[in-house]
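Trainee: Sequence:
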Amino acid sequence: MSSLLIFWVSAAVIAYVYIGYPALLWLVARLVRHPQERRPIEPKVSLLVPAYNEAAVIEAKVRNALALDYPPSGWKL
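Numbering-wise (my numbering), the sequence shown opens with residue 532 and increments by one.
FYI, nobody ran anything at the bench for these hints, they're computed from the structure. We put the beta carbon where it would ideally sit given N, CA and C, even for glycine.
Between beta-carbon pairs, the in silico distance windows are: (1) Arg-564 - Val-540: 33 to 41 Å; (2) Val-576 - Ala-543: 47 to 55 Å; (3) His-565 - Glu-590: 46 to 54 Å.
Let the sequences and hints guide you as you build the complete structure.
Mentor: The following block contains the structure:
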(Lines of atoms letter the chains of each structure in order from A and count residues from 1; the text may use other names and numbers.)
(Lines give C-alpha, C1' and ligand atoms only; values in the text may rest on other atoms or scores of the structure.)
Protein backbone atom coordinates (compact mmCIF):
# COMPACT_ATOMS: atom_id res chain seq x y z
CA MET A 1 0.00 0.00 0.00
CA SER A 2 2.78 2.47 0.86
CA SER A 3 4.59 1.93 -2.45
CA LEU A 4 1.37 2.67 -4.34
CA LEU A 5 0.90 5.86 -2.30
CA ILE A 6 4.50 6.92 -2.98
CA PHE A 7 3.96 6.32 -6.70
CA TRP A 8 0.80 8.47 -6.89
CA VAL A 9 2.25 11.26 -4.77
CA SER A 10 5.37 11.30 -6.97
CA ALA A 11 3.24 11.29 -10.13
CA ALA A 12 1.14 14.16 -8.74
CA VAL A 13 4.25 16.20 -7.89
CA ILE A 14 5.69 15.68 -11.38
CA ALA A 15 2.36 16.60 -12.99
CA TYR A 16 2.17 19.75 -10.86
CA VAL A 17 5.71 20.78 -11.79
CA TYR A 18 5.19 20.39 -15.55
CA ILE A 19 1.48 21.25 -15.90
CA GLY A 20 0.01 22.68 -12.71
CA TYR A 21 2.57 25.35 -11.87
CA PRO A 22 2.73 26.84 -15.40
CA ALA A 23 -1.08 26.83 -15.51
CA LEU A 24 -1.20 28.55 -12.12
CA LEU A 25 1.27 31.22 -13.28
CA TRP A 26 -0.75 31.80 -16.44
CA LEU A 27 -3.96 32.16 -14.43
CA VAL A 28 -2.41 34.58 -11.92
CA ALA A 29 -0.92 36.65 -14.76
CA ARG A 30 -4.38 36.91 -16.33
CA LEU A 31 -6.14 37.87 -13.11
CA VAL A 32 -3.61 40.28 -11.56
CA ARG A 33 -2.56 43.19 -13.72
CA HIS A 34 0.20 45.58 -12.70
CA PRO A 35 0.36 48.82 -14.68
CA GLN A 36 3.75 49.45 -16.20
CA GLU A 37 5.21 52.90 -16.51
CA ARG A 38 6.87 53.34 -19.87
CA ARG A 39 9.35 56.17 -20.09
CA PRO A 40 12.78 56.70 -21.57
CA ILE A 41 15.58 55.41 -19.40
CA GLU A 42 19.21 56.35 -19.13
CA PRO A 43 21.05 53.48 -17.48
CA LYS A 44 24.11 54.02 -15.36
CA VAL A 45 27.34 52.89 -16.96
CA SER A 46 30.56 51.72 -15.38
CA LEU A 47 33.79 51.82 -17.29
CA LEU A 48 36.63 49.53 -16.29
CA VAL A 49 40.13 50.38 -17.40
CA PRO A 50 42.35 47.34 -17.02
CA ALA A 51 45.94 48.49 -16.89
CA TYR A 52 49.21 46.67 -16.41
CA ASN A 53 52.43 48.57 -17.08
CA GLU A 54 50.39 51.35 -18.70
CA ALA A 55 51.78 54.36 -16.83
CA ALA A 56 52.65 56.13 -20.07
CA VAL A 57 49.14 56.03 -21.58
CA ILE A 58 46.72 55.65 -18.67
CA GLU A 59 46.12 59.39 -18.28
CA ALA A 60 45.21 59.74 -21.96
CA LYS A 61 42.86 56.75 -21.73
CA VAL A 62 41.03 58.14 -18.68
CA ARG A 63 40.71 61.59 -20.31
CA ASN A 64 39.34 59.95 -23.46
CA ALA A 65 36.78 57.99 -21.43
CA LEU A 66 35.66 61.12 -19.57
CA ALA A 67 35.18 62.95 -22.87
CA LEU A 68 32.68 60.37 -24.17
CA ASP A 69 29.18 61.67 -24.92
CA TYR A 70 26.84 59.13 -23.31
CA PRO A 71 24.16 58.76 -24.40
CA PRO A 72 24.73 60.53 -27.69
CA SER A 73 22.34 63.46 -28.02
CA GLY A 74 20.93 62.03 -31.27
CA TRP A 75 19.64 58.82 -29.64
CA LYS A 76 15.96 58.32 -29.08
CA LEU A 77 15.16 55.99 -26.21
